[in-house]
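A.B. asks: Heads up: the sequence lines are chains A and B, in that order.
Under the working numbering, the final residue of the first sequence carries the number 710; numbering is consecutive throughout.
Under the working numbering, the final residue of the second sequence carries the number 710; numbering is consecutive throughout.
Treat each hint with caution, since some may be false.
For identical chains, the list gives no copy identity; a pair is met inside one copy or between any two copies.
Capping the alpha-carbon separation at 20 Å, the derived lysine to any residue pairs in SDA-like fashion look like this [stated by the list, open to error]:
id	residue 1	residue 2
1	K152	I173
2	K74	T6
3	K328	F591
4	K120	G145
5	K120	P61
6	K586	T355
7	K425	V668
8	K425	E669
9	K281	Q607
10	K180	G145
11	K425	E671
12	K274	P606
13	K511	I126
14	K401	V668
15	K341	R369
16	K328	P590
17	K586	G356
18	K511	Q174
19	K92	I110
In case anyone wonders, no lab produced these hints; they're calculated from the structure.
Number of protein chains: 2
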Amino acid sequence: MTKDKTKVRTILDAVKAAGRDSLTAPEGKLICDAYGIAVPQEAVAASAAEAQKLAAAMGFPVVMKIVSPDILHKTEAGGVLVGVKSAEEAAKGFDTIIANARKYKADAQIIGVQVQQMLKGGQEVIIGAVTDNSFGKLVAFGLGGVLVEVLKDITFRLAPATREDALSMLDGIQAAEMLKGVRGSDPVDREALAKLIVGVSELVSDFPEISEMDLNPVFATKDSAIAADVRIVVDFAPKTPRYRPPEAEVLASMKRIMSPASVAVIGASDENGKIGNSVMKNLINGGYKGNIYPIHPKSPEIMGYKAYKSVKDVPGEIDTAVFAIPAKFVAAALIECGEKKIAGAVLIPSGYAETGEHALQEELVTIGRKYNIRLMGPNIYGFYYTPANLCATFCTAYDVKGSAALSSQSGGIGMAIIGFSRSAKMGVSAIVGLGNKSDIDEDDLLIFFEQDPNTTVIAQHCEDLKDGRAFAEVARRVSKKKPVIMLKAGRTSAGAKAASSHTGALAGNDKIYEDVLNQIGVIRARSLRDLLDFARGVPVLPTPKGENVVIITGAGGSGVLLSDACVDNNLTLMPMPADLDAAFRKFIPPFGAAGNPVDITGGEPPQTYKNTVLLGLSDDRIHSLILGYWHTIVTPPMVFARIIVEARDEMRAKGIEKPIVVSLAGDVEVEEAAQYLYEHGIPAYAYSTEIPVAVLGAKYKWARGAGLIK
Amino acid sequence: MTKDKTKVRTILDAVKAAGRDSLTAPEGKLICDAYGIAVPQEAVAASAAEAQKLAAAMGFPVVMKIVSPDILHKTEAGGVLVGVKSAEEAAKGFDTIIANARKYKADAQIIGVQVQQMLKGGQEVIIGAVTDNSFGKLVAFGLGGVLVEVLKDITFRLAPATREDALSMLDGIQAAEMLKGVRGSDPVDREALAKLIVGVSELVSDFPEISEMDLNPVFATKDSAIAADVRIVVDFAPKTPRYRPPEAEVLASMKRIMSPASVAVIGASDENGKIGNSVMKNLINGGYKGNIYPIHPKSPEIMGYKAYKSVKDVPGEIDTAVFAIPAKFVAAALIECGEKKIAGAVLIPSGYAETGEHALQEELVTIGRKYNIRLMGPNIYGFYYTPANLCATFCTAYDVKGSAALSSQSGGIGMAIIGFSRSAKMGVSAIVGLGNKSDIDEDDLLIFFEQDPNTTVIAQHCEDLKDGRAFAEVARRVSKKKPVIMLKAGRTSAGAKAASSHTGALAGNDKIYEDVLNQIGVIRARSLRDLLDFARGVPVLPTPKGENVVIITGAGGSGVLLSDACVDNNLTLMPMPADLDAAFRKFIPPFGAAGNPVDITGGEPPQTYKNTVLLGLSDDRIHSLILGYWHTIVTPPMVFARIIVEARDEMRAKGIEKPIVVSLAGDVEVEEAAQYLYEHGIPAYAYSTEIPVAVLGAKYKWARGAGLIK
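The shape of chain A in the complex, shown without the other chains:
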């Protein structure tokens, strides 16, 4: 793409010099020209005679519009004439527009009347750009017209957008079919539209002072896409960029914090019920093997460990300091930590921004920056990192090791994560509280977990992203390697309102989160249970090699519900090839249904489940299996569970691995079977047809985003 940055800079400088906050239509057109954004032929007439001449040269019909820096809403001012069909009409139109403009705003500076080639036919669309508080520049796309406005059918991507991003936007609106040609109309020129989208996204990225931009309408026909009108709004007040340490530095600090050789507990206590006592107990009982240094103003020893008055008195190096002292004492102790070159402070105390004490929190941030000490919290439960047997928290010790790294912005949600994990025996590598996120936030965690060999999935609860742009940059990379799952709370307007009262976060535009998370390959959980179930199930599933899913079920009724769930979760039920259909039929009763779902019927012995599952695993055309089990005397739950694990193991020995998820319908014994299956790497759920399919769907969503499925 040709980009004449100098030209744009010149125009913007002039606008800035004039103290304006928006561009005239001719300025907008010039900027579009400089970035290869197609606009109609046009010129500005200073007189009726000139208007007549210009229009005749362009060919009729033309559109005529007032050009005035003082008139932004041209239609309202009577400053627009559409469908001007002849030279005479053009001359008359000039006079009408000028008269209307004078009437609308007597003192408006009038530059002239723009005469413009009138675009017709095709599909009207809107391409625009906005500046989001968290994500920065975003490009937007939607159809034109009132109905689309009513339906809010618009889609966003981070700017700059690639050609692929842009093409995905054309498919990303509800009304996408309109662009493909309906009722005999032509399909639009997708490449031409993508070029416009990319152009706008690069323009606003190159010139951050462009705060808003609209191409509205754009006429998209089968061989072109031309913006009929351009609106550009500018904001020359520079934003203070958020401070971000270099990634290598982030990683070095995070490694020391998460997996420390020594931990200091500031405010350690022998007294039951004190937070500093709970932290000490958890460190000790959790099995942490590094050095533990209690810090206490008076005691020489706490819980059998030599205590120090200050971290500065500790002889060796300290990586992590856990704070269990009241807010007002934190700053002084934090300075000492800085002087001791401790990597991170885990700030359990509350009483900061969440209670309106913003200055107190800012003070800590300043100290942290000065001494290069990273802050977790304040207002958190602490964190767990199970590979180091580290429970740096006042909650109970956690013991089920595994590879899911979870984090939460809220303490309550953190407790729910701990309870669910323990109850569902979910293996966890880390649980981290982020609280007020004065410093360490989701992207810092991503940078650590990306390289952490003990973590295979990252699941985060968050209410706002303080720096969505930084998160997106990291998450886009990390999600190619490990599934990243996010529960974004405050996604509805009522929800956003509550978020705002809780953390001071601004109400987020949920559609922007939706589209950006999708763009960067992050799996969005719709509910707390989804977040937990995805974190538990996704990492144990192998990555599917293709889109073909087959359901094998003993209960026809489950088959129907599992099929529903496949559609809900964007999974493809493979149309069953005739030979494979015949092969399945060999194993099932004559009245069973092959096809997909394969209905083996309810009364079948274990071998029928095994035979069909082995066939499903061995045939190359099938990429994933969903099993529907029906509890019978002939095949009791644990018999079924064991035989499925056997079948999986037999194929694994031959080098074949495919995702299998299981729905179990039956009496309470199926709960034990579900747990057995999960512990053997097969996510299985009692009394639910939707959760297993949603978990498989999440795995697919990740694998597609990471480019692992063609």
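Given the coordinates of chain A, work out where chain B should sit on it, guided by the hints.
C.D. replies: Coordinates of chain B only, in the frame set by chain A:
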């Protein structure tokens, strides 16, 4: 509404006599006139001169259209001219249309050219009617235009529709806002549109031979709604109506079947593992107090009960016969049951329609009809009716009594219901397997449970409604008294395909189910877990008296997610009045947030929960409470649970009852607290913010549908 049925009958008779399957435009207009459905002025011209004269009398512009019984697609035939502006154009138009029609179909019978007042402006909408296989006549409403077609934004109601139904359709499309006037356009005349919808719905109901009807487009302006074009398709082949016994008879039979004084077990057996043995065991061990009559060709006694060769040998009356013999022996035994005047046969055996043996099943239906014996199944697990301690099934005995009546079309889903109910300690009045639904179906169960004092909620899993119309008639009435919840499987096209292979049911149009269930007040469950959770939670909640919901939470993070869930479930977070805000603030720390959610903050003692909950219950403006609990040492889970029950009991003693649901975030101890709360009438859920709100949402949906909330 004026209805000239004679006029319509005359026209339809003529169409039938002519062997046609659709009506001409003038016929359509006459029929509309007869039902007060507004159409434009129009007349048919036989010559160019006449066309000229008619058009001039109506005023320009006019639309001209070919009138020919042989040309249905008029536009395709070049038989339509729009915007004819003068008398000369009208004359010329006549000749053009006739010429085009001749060219399109040389032998077409041409009656003339219709000249019609041309409607302009306003909003184009479509009103139509279809005949659904299950629900019969339905009226449809949507906006006009291609975009709406692409978005499939159309809504259905059972015909005939009331004015209220019709008005609800205007709000029932995604693009509803378009009708209210956007960007300065006028709102449409809602009453005029409703009148058209009601008219169409009554017309197709009064004349079932009208199989399809389209008013397309209808021009809706601020003071009128006129159908510009009418299309009516007829089908004179009468459908055989499904046989339905009178309701009183249904109820009498169902009472005997569900709560029998005596039960015969046909195929009773002493042999472990036989179905006839399992049924006997369950009857006995389940604690059934009525007479049990084993039927066996040889044994004189089975499991200590005197056995008989035939039901006819049994001395007393028998209400219910449970069949546990192979399919091929059923017919003969069923005849004997008929002769014995047994009320119902519970047909456990499989090997009927589900395996392609349709004739075998038809035979049973014929016998059942002849002897007036109702058939449950075949191909079922049987049923449970706990108030009678009756386990007429081969599954394990069920023992948790309660007031939820569940049914399933599929055996697998039935087993999931049993397992979940036992595991979650859900009190159940009945679990019924409907299987192939050869006779007894969902509406028969509704008729029984409607009057059953032991049942307060009815939850049904179904894949198809064999007679949606009959179901709707009963469900509409029952849902006013007791919540009716339905999990309609096969709701997506892939799902519907599987349904079809399982039960031979036709692929259902899910949008029709969605709209009709809504119209008749049935709560639709989106998933199996929703069905189960609603059945468990909805009946223990008191009915809310108004829409104002307040969240009280110890965890701000839960508050945000609970707020999200309120929006998802169509619940209204009450804007907090200043005096009430101040009243809440008295109980919470200064940095807590009042408003709604009321954030009492995490470290609070039990009394803070109790005080705020008591305030929430006692203030008249608040109608329901959602509680978010955060596990702390200060207020452990069971302490919280007990104090909430105490608070509820205190207010109940004062005559105040409001729905309360609870979300618990914490370590595994919260599971015990959740169970305690549920057992004390407060639905509570660990690790979930969405389920409690969905359960409350289901209760609200029911209460609104039943007219219990203004």
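A.B. asks: Decide, hint by hint, whether the structure agrees.
C.D. replies: Going through the hints against the structure:
1. Within a single copy, K152 and I173 get their C-alpha atoms as close as 10 Å, and across copies as close as 14 Å, so both meet the 20 Å cut-off.
2. Proximity of K74 and T6 under a CA criterion of 20 Å is satisfied in neither setting, with 29 Å inside one chain copy and 58 Å between copies.
3. In the homo-oligomer, the alpha carbons of K328 and F591 lie at most 20 Å apart only across protomers (16 Å), although the nearest pairing inside one protomer, at 75 Å, exceeds that limit.
4. Taking identical chains as interchangeable, the C-alpha atoms of K120 and G145 lie at most 20 Å apart whether they share a chain (14 Å) or sit on different chains (19 Å).
5. In the homo-oligomer, the alpha carbons of K120 and P61 lie at most 20 Å apart inside one protomer (9 Å), although the nearest pairing across protomers, at 24 Å, exceeds that limit.
6. Taking the shortest Cα distances, K586 and T355 sit within 20 Å of each other only across copies (16 Å), while inside one copy they are farther apart (68 Å).
7. Taking the shortest alpha-carbon separations for K425 and V668, both the intra-copy value of 18 Å and the inter-copy value of 11 Å come in at or below 20 Å.
8. Proximity of K425 to E669 under the C-alpha cut-off of 20 Å is found in both arrangements, the shortest distances being 17 Å within a copy and 15 Å between copies.
9. Taking the closest pair of Cα atoms, K281 and Q607 never come within 20 Å of each other, the shortest separation being 51 Å inside a single copy and 29 Å across copies.
10. For the homomeric pair K180 and G145, the shortest alpha-carbon distances inside one copy (18 Å) and between copies (16 Å) are both at most 20 Å.
11. In the homo-oligomer, the alpha carbons of K425 and E671 lie at most 20 Å apart both inside one protomer (13 Å) and across protomers (14 Å), since each shortest distance falls under that limit.
12. With identical chains, the CA atoms of K274 and P606 are at most 20 Å apart between copies only, with a shortest distance of 19 Å across copies and 55 Å within one.
13. Proximity of K511 and I126 under a CA criterion of 20 Å is satisfied intra-copy only: 17 Å inside one chain copy versus 30 Å between copies.
14. For the homomeric pair K401 and V668, the shortest alpha-carbon distance between copies (17 Å) is at most 20 Å, but the shortest distance inside one copy (27 Å) is not.
15. Taking the shortest alpha-carbon separations for K341 and R369, only the intra-copy value of 12 Å comes in at or below 20 Å, while the best inter-copy value is 89 Å.
16. Taking CA atoms no more than 20 Å apart as the test, K328 paired with P590 passes between copies only; the shortest distance there is 17 Å, against 77 Å inside one copy.
17. Taking identical chains as interchangeable, the C-alpha atoms of K586 and G356 lie at most 20 Å apart only when they sit on different chains, with a minimum of 18 Å there against 70 Å within one chain.
18. In the homo-oligomer, the alpha carbons of K511 and Q174 lie at most 20 Å apart both inside one protomer (13 Å) and across protomers (17 Å), since each shortest distance falls under that limit.
19. Taking identical chains as interchangeable, the C-alpha atoms of K92 and I110 lie at most 20 Å apart only when both belong to the same chain, with a minimum of 17 Å there against 49 Å between chains.
In terms of the numbered hints stated before, the structure departs from hints 2 and 9, listed from lowest to highest.
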